[in-house]
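Colleague: Assemble the complex: chain A is given as a structure, and chain B must be docked to it using the hints.
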Amino acid sequence: MPSPLKCDFCTKSATVHLTQIVNNKVHKVDLCEECAQAKGVTDPNGFSLADLLMKASLNNEPVVASGVRCEQCGFTQADFKKHGRFGCPQCYQTFSGVIEPMLGSMHKGTAHTGKVPLRALNRRSLSERLSKLEGELDEAIKSERYEDAARFRDEILQVKQAFEPKPAGGR
Amino acid sequence: MTIDSLIDTPSELTNSAGSSKCAIVLMTRVRLARNLAGRAFPGWAGADQRADVLAICRDAVSAAPQMKRSVDVGVTDLNELQKQILVERHLISRELSGSKSGSGVVINKDQTFSVMINEEDHLRIQVLRAGFQLKKAWSAINELDTALEERLDYAFSPQLGYLTACPTNLGTGMRASAMMHLPALVISGQMEKVVRAVNQLGMVVRGLFGEGSDASGSIFQISNQTTLGEPEEEIIKRLQSVLQSIIEHELNARQKLLEADSRKLFDKIGRAYGILQNSHVLNSAEAMNLLSLLRLGIDLQIFPETCRPVIDRLFIEAQPGHIQHAVNHDLEAGERDSTRASRLREEFARFPIPTFTTNGNN
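In order, the protein sequences belong to chains A and B. Positions 1 to 171 (my numbering) are the ones given, in order, by the first sequence. Positions 1001 to 1362 (my numbering) are the ones given, in order, by the second sequence.
For reference, chain A alone in the conformation it holds in the complex (with noise of 0.2 angstroms):
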């Protein structure tokens, strides 16, 4: 015979019994009394059901890398459990075991197609590039290739013109 269903939240035997179908995906959650109170299920206004599948998700998870804090910012997994927010964009690579397997249930899919802050992205990689041919430059000088290091400090020079802001809609 099979065991009553124990809440997803705590070990109380669970009597709240919730599926909903989000993006035509079916999602089920078992909770006890105590938890679809404390989570909101009961109330008919609705609820945060993506905080809720999230948590409950979370909890389902093989504990992965317990141990484990973000290098950022001193986040652990532990304090995602009791947030269910994280602690710095850092932690999305930190925790990537945690929280992938949890988007798809939370989002229509799970790459982003959508915008990209170019000029963000274009700074960053312009900066790159710059710490990049900075570097060989110096090796150029060392090893007295100056031709090279002339064709570099060229680079350098063209490179930090891309960086001074243009005016509006120079993009």
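It should be emphasised that the hints constitute simulated quantities derived from the structure, not laboratory data. Be aware that a few hints might be false.
Stated by the list, open to error - Calculated pairs, DSS-like style, for lysine-lysine (alpha carbon to alpha carbon, straight line, at most 27 angstroms): (1) 1264/B x 1193/B; (2) 1109/B x 1083/B; (3) 1237/B x 1135/B; (4) 160/A x 142/A; (5) 1100/B x 81/A; (6) 82/A x 1100/B.
Modeller: Chain B only, in chain A's frame:
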């Protein structure tokens, strides 16, 4: 510009001269969640980090051409009443109004743009437009976002898009919404069905002031649920078609109510008119419901179209914060209700008399 002069300036939503009013969609809003690369999100950042982000964002936002002549203010510099008024005008969120130091907002003069800083994300950029103007709202906010990106390095991943504090906003970071007036669907008890259908289409229905608020005045906020996996234009297009079909259902429901028993509907509208002209104690939920009936009356040509801006303005001015602002001091709930009633009596003393004609249905 100071916050007081901003509050006294007619807003996009309270300006009676506004054109482009729409019978069913009161207003359109699009907001984008953005964060700075390499910095902790506001909820996790320390006080110093929050202050840094606030300073950086304030500079960038005030420099954007769209934000000329704007108000730039820290949340802790606002008093309770000012915050409440900004919430009632949908210019700041309840979350921001309750946040600690290191949060702020920049609002432009006509109150179509507002940028919240250190709310859940570093930036919550919002555009508001009266009426049904999703595409225009998107293109306006897209331009503002691009202008900000000129100065700010956004946290962005090619795979996941704009990185946000909560994964539910990931990707486009965009929440597009419309405030809809749906009295006939409410009267005929069809709202629950509509909410369910809308949910299945990946959209969310909320009350007038967002999550957890009630739908007094039969006003609902409908927005996209998901933010990742589709381009912004696609989300807007889907929302647009969902809204269009809700509009059709509302119009059908009105037609049915009129066909079934127009006297019942006219009675509700006529009584609402009477109460607004003569009541002496009116709480805000009741006021909203009465105003909603008069707005329906305008749609049914019982009152002239020229009255619509008055009602739309009163939807906002009947809120508790605006009532207290009008008399210039804090009021107890009871006093507020009598002040509200007297302000509405004044407004409706000048309101045209209803003309009920059974063939005047549209």
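Colleague: Compare the structure with each hint and give your call.
Modeller: Evaluation of the provided hints:
For a cut-off of 27 angstroms, the pair hint linking residue 1264/B to residue 1193/B stands: about 23 angstroms separates their Cα positions. Between residue 1109/B and residue 1083/B the alpha-carbon distance is near 17 angstroms, which keeps this suggested pair within the 27 angstroms criterion. Distance hint between residue 1237/B and residue 1135/B is fulfilled; the C-alpha atoms sit about 9 angstroms from each other, no more than 27 angstroms. For the hint pairing residue 160/A with residue 142/A, the CA-to-CA distance comes to about 23 angstroms; that is within 27 angstroms, so the pair holds.
Under the criterion of a C-alpha separation no larger than 27 angstroms, the hint pairing residue 1100/B with residue 81/A is consistent with the structure, at around 23 angstroms. Using a Cα cut-off of 27 angstroms, the hinted pair residue 82/A and residue 1100/B holds, with the two alpha carbons roughly 20 angstroms apart.
Consistency with the previously given hints is maintained throughout, with no hint failing.
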